[in-house]
Structure formats: C-alpha cells, structure tokens
Amino acid sequence: MKILCPHCHKQYIIDENRLPADKTGIKMPCPSCKGLIEIALASDKGPGNSSDQTAGPKAPQDPKLKTGQELKKRIFSSLDDLPLMPQVAQKARKVVSDPKSSFSDLAMVIDTDQGIVTRVLKMANSPYYGMSGKISSVQHASVILGTKTLMEILTLACSSEILGSTLSGYDLDAGDLWKHSLATASGSQIIAKRLKPALAYDAFSAGLIHDVGKIILDPYVLERKEAFNTFAKDGTQSFLEAEKQILGFDHAELASEVCERWNIPSNIAKAIKYHHDPTLSNNDDLSYIVHMADAIAMMSGIGSGLDGMLYTMAENAMDVLRLNQEDLSIIMVEMVQYVEKTTQGS
Amino acid sequence: MKTTAVKPMKCEFATEGLLWIDKIATGVGLIIFNSEHKFAAGIHLLRGKSRGDFPENPAYYADTAIDHIYETFKSKGINTNLSVAIAGGANLLSTEEQLSVGQRLISTVKALLSSKNLTVKLEAVGGNKLRTMILNIDEGKIQIS
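These protein sequence lines map, in sequence, to chains G and V. Its first residue numbered 1, the first sequence is counted upward by one per residue in our numbering. Its first residue numbered 1, the second sequence is counted upward by one per residue in our numbering.
Everything labelled a hint here was simulated from the structure, so no lab data went into it. Don't be surprised by glycine CBs; every beta carbon is placed ideally from N, CA and C. Some hints could be false.
[Claimed, not checked] Only part of the chain G face toward chain V is listed, based on derived beta-carbon distances under 8 Å:
# : residue
1 : Pro265
2 : Ser266
3 : Met299
4 : Ser300
5 : Ser304
6 : Leu310
7 : Ser329
[Unchecked claim] Heads up, simulated EDC-like pairs for lysine to aspartate or glutamate below, C-alpha to C-alpha not over 16 Å straight-line:
#  : chain 1 : residue 1 : chain 2 : residue 2
8  : V       : Lys129    : G       : Glu340
9  : V       : Lys10     : G       : Glu334
10 : V       : Lys49     : G       : Asp171
11 : V       : Lys7      : G       : Glu340
12 : V       : Lys49     : G       : Asp327
13 : V       : Lys38     : V       : Asp138
14 : V       : Lys7      : G       : Glu334
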C-alpha cells in the first residue's frame, strides 16, 4: 500500500500484511516530518487485495463519482492540511511597504523566526549573491544586500520547504518543483525588469509560487495516475486539459484558493490564476510575465515532471512582452545559471 | 557502476560506466563516443552560435562546446570512429516550427557537427517530449528515451 504524508508529501510503501485486520483505520507519525498520517483501512482487506492509498486530503476511491464540483469541495475542505506560509513573510511585507521603516525593522521581524533565519543566511551566502560565507546575521544581510534583495531571499526561504516536497502524482522528485519554481521566479524577474521594472519583485514572488496548486492536486493526480499517464503518453493535448478532463478543474484554478489562504496580494494571486492562459487576465502584465517565464522554464527542462512540455504558449505573449526568439534563449540560460547558483551546496 | 551526470551547459568527459543526460527539452543533448578508446563526451546545449564571444565556460554555446570536445578528442589522439548521438529540440504544444527555439538549435548543432565531418548516427529530436540519453561506455550502447 502506498501512503502519502499530507504534510511533507513524502511517499511510503507499507506492507499490508503488517496492518491490523480488525481496525478501520490507523494513525502514524511521518518518519520524515513527524506530522500525523491517518490511514483508512478497507474492511474487506485480504491477501492480494492490495491498493494504493493517499492519506491526509482524502482522495476519492471512485473517480467516476468524485470529479468536478464534488471533488473540488472535498479538496477545499482539506486545505487545512496545507502548510501555511510562515507568518514572518506577511509581517515583512508590511514592514517593507511602510516608508518609515528601516533596515533594522525588517531584520528584527525576520529574526523572530529562527528556522527562517537559518535558511535566509544559507541563501544569502549562496554563490548567486556573491557573498559566500561573508554574511553572518540578518541585520548584516539587510545592510549589505539591501531591503529588496533581502525580501527576495526571505520569499525564497519561506517557500523552500513547501515547494521542496516530492510530488509523486506529477513525477516530481524532491527538489524538482523547487528548481522549476526558482527558474520561473528568476525568469519572471528578468522579463519584468525589461518590461516594467516596478513589477520585478512581485514577478519574482508570483513566479516562485505559481505552481502551488500542484501541491494540493498531487494526491488526486496520483490516485488517477494511469489516466494521466495515458494522457501524457498521447502528447496531443495540454496537461491542463488532462486535469480538467480527469479531475474537473486544473492546478491554476485551485492555486487562487491557496493564495487567499496565504494572504497573498491580489495582483500576485491573479498572475498565478492565469499563468497558463494570460489572455483571460484582461491584459494583466504580471500574468503574461509569469506565463512566459513558466514556458521558458519548461523549455529548459529544469525540474520537469510528467507534464513536461505539455502546455501551450499564448499566441500573443511574445508580442505583449516584446520578446523575440533570441531573448528566449538568453533568458533560459540566465534561469539555468540562477538555479545552479542558488541551489549549490543544498 | 560509475555514473557521470551531465548538467545543462556543462561538458563532461567519461571513460567508464554510464554517461547520463536527462530532462532534455528544448535544449540539445549531444554525446560523442569512441568505443575503441572508451572515451566519451556529453553536453546539454541551450544556446546556438557564439557570434564571436569566447565565454569562460565553453559549454555555454554550441560552437565553442563542439570545438572544445573535438579538440579534447584530438589531444588524446582520437580523430576517427566517433559515434555521435543527439536528442532534444522539443517544443511546447502547438508551437509553430518557424517560432521554435528547439528546431533552430537542432539545425545549428547539426551544421556544426557536419563542419567537423561528424555524422549523427542516432537522433531523437522535435516533438514535445522530454528526453534522456544514456551511454553505457563499457558496452558501447547509447539509449535515448
């Protein structure tokens, strides 16, 4: 039996013969994150009657009956299982938006979460920021790197745990979604700097969490893996279409719910919602930027999974963003270098 | 078995075990191998011609990368019987051919190989598939999936 931890998304195989035959369910701590995994046991379990099961967000057993609105309702009711974006991220945003705030104010907010401090220092000392081993405190980082860069690093530090999980449904190993997200974040920032520099920071944040809907959908994709594999093998329709046909909705649609839960600013939530079809966004620049960066990240192959290149690029995206073929190649290379440098040693 | 993984824009040389290039999408994976000397090179290219730039990392551009590999083989006295395989150049769905970054990169790589009299013996290019190339140096077999 396959068990998926709802907290860290690690997958485990359990010998069914070792499970109690007289119980309808058991609870166990996840060996990795120590979160509680609840396993429902079928009453007619017997030898040879093996099954895959997703614990946590309770995925339906009969896909014919549980799709569309009914499945969506169940998924939304299980959103409580989704890890929260650390509060320090929201507090830091408030500090940065206050014109009276100083470097020290931002550092003081970050210093309240020691787990995040460790990750911020690790990233600030990564080769990408050119400060390897030189930054010893958040206060120090705020002075040397500046508020904008420190906020960028904080966003990375707050998202790394959530986006670093294994997504077995999408065939993404631990770190794959994280790398793809990093690539999209850096690509979004590069495009924004060329088009509308004022959008650069929001573009980075939106690019980083654009695929958060996949984290929620993964257990349900895993349960219907055969249908998704068949769809992917056929390779003639987009993976978004597969999600819509098999589940009744797609990961971009679900992501906007998560953004609300995480108190993500509405412009970023909008870009995430429309990142696969920015033509529906009422000409929203940020939606086009994240869409294009996501497409280029897929073209690079970084952190790609089952859905690979099974997406389309909006026909007008290149014109809206004033990009040509050569630009795509250049941005792709910059993305790869960014991911390489920020993940070095991790 | 020793496995040498090739990252994007990195050139690796290997003399035993497996040479492995995975997650090849729009970029082009290139393997050049001499079975007699059991010497192989692998690269995952993302950009075409350098237009006169000489980057610190020769794997940055297709022309500087292929020159670097060719010269390395030559410096080891290996000029002939080179097996060449390429994979990649994939597109997102519904991408028109003239707009395809991958298609252009494939054409550039083939032209560069041809200029060195290197003939591609195995290729899997285009479409919308992510690909993996594995060379088993000990057995002399290249697999593209």
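Now the hints, each set against the structure:
1. Hint on proline 265(G) is violated. Least Cβ distance to chain V is approximately 29 Å, over the 8 Å limit.
2. Because the beta carbon of serine 266(G) sits about 28 Å from the nearest beta carbon in chain V, more than 8 Å, this interface hint is broken.
3. Evaluation of the methionine 299(G) hint against chain V yields a held restraint, the C-beta minimum of about 4 Å falling below 8 Å.
4. At a threshold of 8 Å, the smallest CB-CB gap from serine 300(G) to chain V is about 6 Å, leaving the interface hint in force.
5. For the restraint placing serine 304(G) at the interface with chain V, the shortest Cβ-Cβ distance is roughly 5 Å, inside the 8 Å limit, so the hint holds.
6. Annotation: leucine 310(G) was flagged as interfacial toward chain V, and the flag holds, the nearest CB pair being 6 Å apart, inside 8 Å.
7. The restraint placing serine 329(G) at the interface with chain V holds, with a minimum CB-CB distance near 5 Å, inside the 8 Å limit.
8. For the hint linking lysine 129(V) to glutamate 340(G), the alpha-carbon distance of about 23 Å lies beyond 16 Å, and the restraint is violated.
9. Only pairs whose Cα atoms come within 16 Å are accepted, and lysine 10(V) paired with glutamate 334(G) is accepted, the gap being roughly 14 Å.
10. The hinted pair formed by lysine 49(V) and aspartate 171(G) fails the criterion: a straight-line CA distance of about 34 Å is larger than 16 Å.
11. At most 16 Å may separate the alpha-carbon atoms for a hinted pair to count; lysine 7(V) and glutamate 340(G) meet this at roughly 9 Å.
12. Of the supplied pair hints, the one linking lysine 49(V) and aspartate 327(G) holds, its CA atoms being roughly 14 Å apart against a limit of 16 Å.
13. Pair hint lysine 38(V) plus aspartate 138(V) holds up; C-alpha atoms about 7 Å apart against a cutoff of 16 Å.
14. A threshold of 16 Å between alpha carbons decides the hint, and for lysine 7(V) with glutamate 334(G) the separation of about 14 Å falls inside it, so the pair holds.
The structure fails to meet hints 1, 2, 8, 10 from the earlier list, while all remaining hints are met.
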